[in-house]
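Which chain is which? The protein sequence lines are A and B, in order.
Residue numbering for the first sequence is 828 to 1299, as defined by my numbering.
Residue numbering for the second sequence is 828 to 1299, as defined by my numbering.
Be a bit skeptical, because a hint or two may be false.
[Stated by the list, open to error] Label pairs and their calculated CB-CB ranges:
{"hint": "1", "chain 1": "B", "residue 1": "E962", "chain 2": "A", "residue 2": "R1103", "range": "44 to 52 angstroms"}
{"hint": "2", "chain 1": "B", "residue 1": "D960", "chain 2": "A", "residue 2": "E1032", "range": "53 to 61 angstroms"}
{"hint": "3", "chain 1": "B", "residue 1": "A1029", "chain 2": "A", "residue 2": "D1039", "range": "38 to 46 angstroms"}
{"hint": "4", "chain 1": "B", "residue 1": "P1162", "chain 2": "A", "residue 2": "D1039", "range": "56 to 64 angstroms"}
{"hint": "5", "chain 1": "B", "residue 1": "A1029", "chain 2": "A", "residue 2": "G1006", "range": "39 to 47 angstroms"}
{"hint": "6", "chain 1": "A", "residue 1": "D1166", "chain 2": "B", "residue 2": "Q905", "range": "29 to 37 angstroms"}
{"hint": "7", "chain 1": "A", "residue 1": "D960", "chain 2": "B", "residue 2": "A1029", "range": "57 to 65 angstroms"}
{"hint": "8", "chain 1": "B", "residue 1": "P1162", "chain 2": "A", "residue 2": "D1166", "range": "47 to 55 angstroms"}
{"hint": "9", "chain 1": "A", "residue 1": "D893", "chain 2": "B", "residue 2": "P1162", "range": "51 to 59 angstroms"}
{"hint": "10", "chain 1": "A", "residue 1": "E1100", "chain 2": "B", "residue 2": "G971", "range": "52 to 60 angstroms"}
Hints are computed from structural coordinates only; laboratory data are not their basis.
C-beta: ideal position from N, C-alpha, C; glycine also.
There are 2 protein chains.
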Amino acid sequence: MTMASPTVSLPHQVEVVNVGLPLFADSVRDQDRPVQHVDWRIPAGGNLDAVKALQSLYGDRAAAIDEANAEVVRRLDQGVPFLVEVARASDVVPGLDGRTIVHCGPPIDWTDVCDPLRRSIRAAVVAEGWADDVEQAHRLIERGEVRLEPANHHAMVVPMATAIGPSAPVFVVENEQGGTRAFSPINQGPGEVAWFGRETDAAIERLRFLRDVAGPLLSWTVRRTGPIDLLALAGQGIQMGDDLHMRTQATTNLLTRNLLPYIAEYEGPGRVEFARYLSGNHLFFLNLAMASAKSLTLWAQQVQGSSIVTSMARNGTTFGIRVAGSDHWYITEAPAVEDALYYSGYGPESSARDIGDSAVLELMGLGGPAAAGSPAVAAFLGGTMADALKATEAMAEICAGASSRFKLPTLDFRGTPVGVDLRRVVELGITPKVNTGVLHVSSGIGQVGAGVATAPVACFVEALLDLAARTS
Amino acid sequence: MTMASPTVSLPHQVEVVNVGLPLFADSVRDQDRPVQHVDWRIPAGGNLDAVKALQSLYGDRAAAIDEANAEVVRRLDQGVPFLVEVARASDVVPGLDGRTIVHCGPPIDWTDVCDPLRRSIRAAVVAEGWADDVEQAHRLIERGEVRLEPANHHAMVVPMATAIGPSAPVFVVENEQGGTRAFSPINQGPGEVAWFGRETDAAIERLRFLRDVAGPLLSWTVRRTGPIDLLALAGQGIQMGDDLHMRTQATTNLLTRNLLPYIAEYEGPGRVEFARYLSGNHLFFLNLAMASAKSLTLWAQQVQGSSIVTSMARNGTTFGIRVAGSDHWYITEAPAVEDALYYSGYGPESSARDIGDSAVLELMGLGGPAAAGSPAVAAFLGGTMADALKATEAMAEICAGASSRFKLPTLDFRGTPVGVDLRRVVELGITPKVNTGVLHVSSGIGQVGAGVATAPVACFVEALLDLAARTS
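Based on the provided sequences and hints, a complete structural model is requested.
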């Protein structure tokens, strides 16, 4: 059985090699003696079923899985998603009709929905015109008159606590080579907004603004620009300190400068309002990055017999993953967001659990994998670039490939890690870390900080056992 | 006599220390023996007058000079330049009236002006309406009916082969604390433009566009925005891979997003034209960075008894510097641009000499000093980030301080070097390297590449000797 291990470069002269607990290495080092520490851990935390599954998946079946994985990585790395259209969701998204609201994360019953997502869903119901206010919206939902579905089941991904209905405008992102299309709504921006779990009049008004002003303007603009190569912009943004998850400032600005002539030319209503909104929204590109990622994971998902993760999403209550070749969700409790920086007066006790579909980015080289190049992300990981580097290195340990388009200047243009391999995750006990925002758990006040969530290992173990069973 | 030397960290165990020629160190290393090489060179290249001047300036007078230098560095590092106005040059620039054209670099006679700058001056004369075409402009200048003056003599700095007349709009940049104001014209953008040494109808039309459309729009906008803290934007741009000289993309984009709502709102003529121009001009911020630098060097220049350089400018024929406390230009022949990447079909033989006032940026922590953080600049210095790091390290060897606002993520937020000290330059024989464009030497075709120019040491030696004489 050959297992992936952390790369070890042996020095020319070694006096002590320490395997396992770093404590011993530290103690030898304290005595000024050279020591080489090998970070070996008990595989799969000693879970015997998992060890058995790993033996099989790294054993006889390793070659077939590696081959499938290489194809998954190729699709995640080389597909070229274009923004081709901005349209009303019900006109373009399969199955998004009637009184349907799509939301972040795995499937969930209304009774289990967390507070910020409840508020966002109610805001969407009001914006759709199905209710006059959020109280009425609540009763409508309680009576089962609104269908709740994961955006992921409609080829869509939505960040944080986003929930949208059929009238919302969406970006249509096409991966022509793979024949896949994915969707995301227009980012709602900062402040008093539903995707942060707010349901105030202003938050509902923002949804209407996106539908009535931003959607038509962007739709007109994209017809003028023609298809926009989104990841070409993202590749530049990576070189400018974006991780494209927590920070999308550089890429948003690149796109903004490209759109500027069309905005200036637009004679429809709301040109100035839209310009103010875009000027104030450095996360505008987030949703475009996510739809790009989704168009690639949809393509990757078609590959059979691979151990690469192709969905990773949270609804604030549960955390779920899916694996290439299967539609099955492996679900566990959503984690808390750790390593967070909080707005003044807030802390872990007032924080909702990890939420949103944006973790799809971490599957194809953005977000955590790109941390090493992002000074802004480093601030959340300890403050130094060395801290950020550790996040990228951890992802490299559990990924099957490296990006050929997202290159980190700080690592002399090494590609970011791509393709989270279940086997490595379970063997090493290292799960993806996801750069994300933090919402208030119950007050409806919205965002209270930002930090890093660690994906829970349980669903990866379950998926691994299932893969071993499925492919045996 | 204590001289500044490259920092040397001695290892714990040393068997050979090599001082001077690296050849010996290499040979010891080839035999697998440890060796510590100390990069010691004969000071001032063995120029005895310079050595004597250095002995004096590093000796008895070192304390006074160090104190003056600290004040110069403080001014360069801590002044806060704001863009306060965009106005017609003749309305705000002292002494820019009548038939005056200001140009880059030290003072120069028309007969000595290089080809690209001649073309740019003729284009400006036509744009001013003093001649119907460039032939008529040429005759007017030959007859001595146009006064040529360095922009630097009017508190202005202009990039590459820029030449402008009294009707051109200028940015007014104020350093309130220092009581200084500096000016720069609006950047002409890429392509068929006079600042690249073109004098075609399109190049002249661009000058008219800046005067008739961009100037009024920007003037209106800045009245609406209020003063803009330019180096706060530049500080963010540095974190996003700009050196703010060869690359100003990130900072231009940050400013563009800030200006977007005002552009969208503008109802004067040419909104769409301006938006297209700004969308296509990633060097828009260059001139703002330069005016900011100039407002600080003007303040620094008032300090007496310092050995810090406060002007560095080239007109394509001569290269000149000025030192704090004096208005005197120390002038030598302009160097060629080395390490250049050329457009297809061009090379050193078709290249004009180093040109433009933009080297003022290298005096206050931007351009070469910021290379280590800029993947785009690295491409011109060998391609790896390690090559770019060398450029920053070389500047650190000859600079008296470090920036508290331009921090390089790649060096864990170390400040860029600020304040070029004549003494170190002459002692070490290291002069500033300037990131710059390359223009065609004679054809009027404009830009043919970009690269790095090395400031010639002769004018630094002359300035040093003069400083020793002045302060003795």
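Comparing the hints with the structure gives:
no.	hint	result
1	E962(B) / R1103(A): 44 to 52 angstroms	49 angstroms, holds
2	D960(B) / E1032(A): 53 to 61 angstroms	58 angstroms, holds
3	A1029(B) / D1039(A): 38 to 46 angstroms	41 angstroms, holds
4	P1162(B) / D1039(A): 56 to 64 angstroms	59 angstroms, holds
5	A1029(B) / G1006(A): 39 to 47 angstroms	44 angstroms, holds
6	D1166(A) / Q905(B): 29 to 37 angstroms	34 angstroms, holds
7	D960(A) / A1029(B): 57 to 65 angstroms	59 angstroms, holds
8	P1162(B) / D1166(A): 47 to 55 angstroms	50 angstroms, holds
9	D893(A) / P1162(B): 51 to 59 angstroms	55 angstroms, holds
10	E1100(A) / G971(B): 52 to 60 angstroms	56 angstroms, holds
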